[in-house]
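**Q** Read off the chains here:
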Amino acid sequence: MTQARWPDDRALQAMAAALRTLPVDTDRAWARVRAAWTRPAARLRWPAAASVSLAAVFLALAQSGVVRAFAQPTFAAGLAPAPRAAVLTPSFGGGPTRPAATGVPERVLAPTPAPLPPGRS
Amino acid sequence: MDDAADPPLSVEAWLERGARGDERAGAALFHHFYPAVFRLSLGLLNDLPDAEEVAQDTFVYALRNLARFDPQRSAFRTWLFTIALSRCRNKRRRKWLEQLPLEALAGRPPGAPRAVEAALERRGLRRQLWEALQSLPEPLREAVVVRYLGEMRYREMADALGCNAKTAESRVRLGVERLRRYFETAGVDGEQFLAEVTA
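Each protein sequence line maps, in turn, to chains A and B.
First residue of the first sequence? That's 91 in the numbering used here, and the numbers climb one at a time after it.
First residue of the second sequence? That's 1363 in the numbering used here, and the numbers climb one at a time after it.
Accuracy of the hints is not assured; some may be wrong.
[Stated by the list, open to error] To give an idea of the interface, some chain B residues facing chain A are shown, with a C-beta separation under 7 Å as derived from the structure: (1) A1390; (2) H1393; (3) Q1418; (4) Y1423; (5) R1489; (6) L1491; (7) L1511; (8) R1515.
Please keep in mind that the hints were generated in silico from the structure rather than gathered at the bench.
Think of the CB as a built atom: it goes at the ideal place given N, C-alpha and C, for glycine as much as any other residue.
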């Protein structure tokens, strides 16, 4: 029955106890941790610094009203082309005639017969 | 924690002083808790330098953020284990990507570090148990390691693993069940092994 129950709590606790005998160099580790803990906070790296700078510039522009002007409806309307001018240009619709794309052969009409002389029916 | 001498001050007092930047309090906390965090990391990473790095990194983070620790939510040790677990997961993920070709394809966990083997042998244990532990899927290995190497109760485990206590218990049970199957497949005589372990 032991076979079926193994490894049980005792085996795993013994493994944990064995690991407690593992030598741990806490002094050397503490020297490293202490140095990192007491070191002043690291300066921002360049991507973070660049993001902060961009955000600062954007905020400054927003404050000064430059960005707001671009977002004004009147400003946007001034930049946009007039609808008619954009849609109805002189060349609009004046392109070459496209051939029929149906694949149906073109119908050939019989020539119109010449009018009969007067008095003939 | 039986790794450190009896503290002259309570852990709460160390925490309070440490949060104000008192180096002696920081050192006291470190010496008291570091071996447990290191063992937990070793159990999860199976690599001595990586375990040292993660355990030290855990303390650097913890000491810098002592003011954020809320004793109402968890014990300090549980908080440390939670930080260490997260760092171990990141470390394993990075290593897995770096070492993808050989060990991952071989489907076998790497052998136990020499120091671990020596410690197990001193106690008359076979390294097979350690290697079997390393072969468990990550959630089960974490649960077994936190339970036995971290010596945590299920409720504490739940906080550290981010699950509920029932789930933590069930993961430990499944993990031990997998270990049994591993040894049955390997044809290891459990009775003899148990006699060696508990000798």
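**Q** Compare the structure with each hint and give your call.
**A** Results for each hint:
1. A1390: violated (10 Å)
2. H1393: holds (6 Å)
3. Q1418: holds (5 Å)
4. Y1423: Since the shortest Cβ distance to chain A is 9 Å, the answer is violated.
5. R1489: violated (10 Å)
6. L1491: holds (6 Å)
7. L1511: Given a least distance of 5 Å, the restraint on L1511/B holds.
8. R1515: This interface hint is violated because 13 Å lies over the 7 Å limit.
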